[in-house]
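Line by line, the protein sequences are chains A and B.
Per the working numbering, the very first residue in the first sequence carries number 46; after that it's consecutive.
Per the working numbering, the very first residue in the second sequence carries number 112; after that it's consecutive.
Hints in this document: simulated from the structure, not taken from any laboratory.
It is possible that some hints are incorrect.
Only some residues are given here: those of chain B computed to face chain A with a beta carbon under 8 Å [unchecked claim]:
id : residue
1  : V125
2  : D127
3  : V128
4  : P131
5  : E134
6  : V148
7  : H199
8  : L249
9  : E250
10 : Y271
11 : D279
12 : S280
13 : H283
14 : A387
15 : N390
16 : I401
Here are the computed lysine-lysine pairs in the DSBU-like style, where the Cα-Cα straight-line distance is at most 35 Å [unchecked claim]:
id : chain 1 : residue 1 : chain 2 : residue 2
17 : A       : K315      : B       : K333
18 : B       : K213      : A       : K336
19 : A       : K377      : A       : K336
20 : A       : K343      : B       : K240
21 : A       : K135      : B       : K240
22 : A       : K363      : A       : K133
23 : A       : K336      : A       : K363
24 : A       : K135      : A       : K169
25 : A       : K377      : A       : K363
26 : A       : K336      : B       : K331
27 : B       : K331      : A       : K315
28 : A       : K180      : A       : K136
29 : A       : K133      : A       : K180
30 : A       : K133      : A       : K336
31 : B       : K333      : A       : K65
32 : A       : K135      : A       : K65
Simulated restraints on C-beta separations [said to hold, decoys possible]:
id : chain 1 : residue 1 : chain 2 : residue 2 : range
33 : A       : G126      : B       : G243      : 54 to 64 Å
34 : A       : H212      : B       : A258      : 26 to 36 Å
35 : B       : P200      : A       : H212      : 20 to 30 Å
36 : A       : D156      : B       : L216      : 56 to 66 Å
37 : B       : E328      : A       : D156      : 28 to 38 Å
38 : B       : P422      : A       : S183      : 57 to 67 Å
39 : B       : R136      : A       : E394      : 54 to 64 Å
40 : A       : V139      : B       : S268      : 29 to 39 Å
Think of the CB as a built atom: it goes at the ideal place given N, C-alpha and C, for glycine as much as any other residue.
Chain by chain, the residues run as shown.
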Amino acid sequence: MSNDEPLISLNEVEVHFEEKPGMFDFFHDPDVVRAVDGVSLDIHENDVVCLVGESGCGKTTLGKTSIGLQRPTGGSVTYRGQNIWDAKDKKGDVDIPYKDIRRSLQIIHQDPGSSLNPNRRVMKILEAPLRRWHKEMSAGDRREQVLSMLERVGMTPPDDYAGRYPHQLSGGEKQRVALVRALLMDPDVILADEAISALDVSLRVEMMDLMLELQEQFDTSFVAVSHDLSNARYFAAHGGGRIGVMYLGQLVEVGPAEEIINNPKHPYTKVLRWATPNLKDEDAGEPPVRKIDIPDPKNPPTGCRFHTRCPEAREACKREHPPAYEVGDDHKTACFREDPDHEYWESSELTDDGETTPSAASSD
Amino acid sequence: MSTHETSQTASTEVPDVADPILEIRDAEVYFDMDRGVSRVLDNVSVDIERGEVLGIVGESGSGKSMLASALLDAVVDPGILSGQITYHPGDGSSVDVLGLEKEQLRQLRWEDISMVFQGAMSSFNPTMKVGGHFEETLEAHDYDVDAGMERARELLSDLYLEPERVLDSFPHELSGGMQQRALIALSVVLEPNVLVMDEPTAALDLLMQRSILSLLEDLKEKYDLTLIFITHDLPLIAELADRLAVMYAFELIEIGTSDEILGDAAHPYTRSLLNATPNLDAPLSEMQAIEGSAPDPVNVPSGCSYHPRCPLADEECVSEDPEFRPTFTENHQAACFHWQDSAEVIPFNIERSDTSEVDDE
């Protein structure tokens, strides 16, 4: 995967959302939710990156930022070297017009039902993007291309499916239509935002296989967002890609899929590993976190953001934010435990005996 | 019309349990629709042992939520429920759940058999503080409110919540995981014997799901609960459950201890479902989806309803509906003619720790 130039490059990206103050609320500073904070990540041609983490960790926001759907409040996002938001604002020399960037970066949403217009037949839904981006195409060619794509994703006979309304499709079929719609743009990157979470367990593998097959045929990269480590592993490992673990807006560990699963370094990755049920008959025991609730992202903990829940946390973690340590090929983690000379090893352990609940995390 | 033949057998065999708290016999739910009769629960018979954790597993539309509603005689209106459900409170008496008057049923629900649904947000009244829900519930059932609120506080802290803060919050002020745990506390506050949970953790992320499950185990011990846990997520429940019951196309198709199901699943569907489940330990190359899709309730295939998707199916499976029969052990039962061949035709893709001879702690 080591192409010279990354397809998408995120550099110290920050996305902060300001909560709007009330009309008469002159005296408070508005609350800032730091959805993404200082994330750098490269996505290459024909790459797969799976972002995992708990709800509210910023994985969807980061995904949307990487395909130019969310404007970062800090840092930069480039597509083949062109800053996406400079292109949008027509700032400086624009090598790649925004229109082309927009077309190259597509998304499939979590809920296939609500992302398709219920009043249109599948053919109409799928023709729309072609009509917009390929104005020169004749109606017959358009129809032909839609039908051949439907056939390629296994919706046969395509004529029958093209004439249906979304409510006449099953969940898996709707998601395939959404996938076809994204692929018709011949994109470079597709963001799959929990694209298989709504599907039945028995259909998930099939859908992931389909996406991976199309990745090869169409030379598309995937950024997949998931809360389920076993799905992320299946998808990333088959696509020869990486898993990125997010916690409260930051990337705490990133590396090749099998590395992350079999050799997790960050304590939080180990927690996610614990949280992923396996079918082996073993007693998992208590959760390996000190608190089971995630702190308020408006007011994230100082130092390492995981220190309030981390079973390994020590005093040093409260003060300082750990940098990303290189721990293997393409495998990085942000934890002091990777630095044998760090003062972490000398400082005292953090405990909160007697407390059973999050304390300062979500005050007022 | 339905192609399904009603094979009403009076003496349905079910796995024996020593001290059943609930006995379900030939439970059936159907809806009359324009397209035909939609049978969404088909002759389900099962005994639930006092103090056990029973996991009921099935895909969407397999009828598992209908079974949960049937237990409380809470099937929504045009649906018609028949069969026999007997509740044994443990004092020697027994209650015919489907024969209860409205008021008796109201008491049975919550006080004896309580239920937690998926999506805590829609179970709470958004304009009432969480504490108000506890008070209202206690008052409506004529319980001592002060003693009840004391119990509520203890329950909340058992579930790793700050009692005072949670009771004084509106539902929207809590995170999804906190709401779901508060709802579990609410459902146990009247000290029921049975807690039925329908996908109680499905909307939450995995870490919270796992955490709630480990809390439930403690809760069950402390309050002597019988848990019925309904989910589409087999791996999630496999560890907590003592026994697993697998549903396919509105029928129960296999039941056994968790070890038996995970180690020696007899029904081809169960085996394929296990193989289709993404798993951190399985070799990547060997995960396979199940071909085809689950049937429409109006038009369930004749014979064994799994036969169109089953690699073992023959003419017998097409013409005749297999009865529940004992497989490897007397109480590990499956509805399949060819269970003896299923392991050979559908081998597991991972070596599960050989559960048959493992000495459990």
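The hints, checked one at a time:
1. V125: violated, 25 Å
2. D127: violated, 23 Å
3. V128: Not OK, violated: B:V128 not within 8 Å of chain A, min 21 Å.
4. P131: At 25 Å from the nearest chain A Cβ, B:P131 fails the 8 Å test, so the hint is violated.
5. E134: violated, 28 Å
6. V148: Hint on B:V148: violated, closest Cβ of chain A at ~22 Å, above 8 Å.
7. H199: violated, 30 Å
8. L249: Result: violated, 23 Å to nearest chain A Cβ.
9. E250: violated, 27 Å
10. Y271: holds, 5 Å
11. D279: violated, 12 Å
12. S280: violated, 10 Å
13. H283: This interface hint is violated because 13 Å lies over the 8 Å limit.
14. A387: OK, holds: B:A387 within 8 Å of chain A, min 4 Å.
15. N390: With Cβ-Cβ at 6 Å, under 8 Å, it holds.
16. I401: holds, 5 Å
17. A:K315 to B:K333: holds, 29 Å
18. B:K213 to A:K336: violated, 43 Å
19. A:K377 to A:K336: holds, 25 Å
20. A:K343 to B:K240: holds, 23 Å
21. A:K135 to B:K240: violated, 51 Å
22. A:K363 to A:K133: violated, 40 Å
23. A:K336 to A:K363: holds, 16 Å
24. A:K135 to A:K169: The given pair, whose Cα atoms are some 33 Å apart, holds under the 35 Å limit.
25. A:K377 to A:K363: Roughly 21 Å separates the two Cα atoms, so the pair holds.
26. A:K336 to B:K331: Since the Cα atoms of A:K336 and B:K331 sit roughly 21 Å apart, the hinted pair holds (cutoff 35 Å).
27. B:K331 to A:K315: Roughly 27 Å between the alpha carbons, so the hint for B:K331 and A:K315 holds.
28. A:K180 to A:K136: Roughly 28 Å separates the two Cα atoms, so the pair holds.
29. A:K133 to A:K180: holds, 22 Å
30. A:K133 to A:K336: Between A:K133 and A:K336 the Cα gap is close to 43 Å, so the pair fails against 35 Å, i.e. violated.
31. B:K333 to A:K65: Status violated; Cα separation ~45 Å.
32. A:K135 to A:K65: holds, 28 Å
33. A:G126 to B:G243: 54 to 64 Å: The hint (54 to 64 Å, Cβ to Cβ) holds, given that A:G126 and B:G243 are roughly 58 Å apart.
34. A:H212 to B:A258: 26 to 36 Å: violated, 51 Å
35. B:P200 to A:H212: 20 to 30 Å: violated, 45 Å
36. A:D156 to B:L216: 56 to 66 Å: About 36 Å separates the Cβ atoms of A:D156 and B:L216, which means 56 to 66 Å is violated.
37. B:E328 to A:D156: 28 to 38 Å: holds, 32 Å
38. B:P422 to A:S183: 57 to 67 Å: violated, 45 Å
39. B:R136 to A:E394: 54 to 64 Å: Holds: the Cβ-Cβ distance is about 57 Å, inside 54 to 64 Å.
40. A:V139 to B:S268: 29 to 39 Å: About 59 Å separates the Cβ atoms of A:V139 and B:S268, which means 29 to 39 Å is violated.
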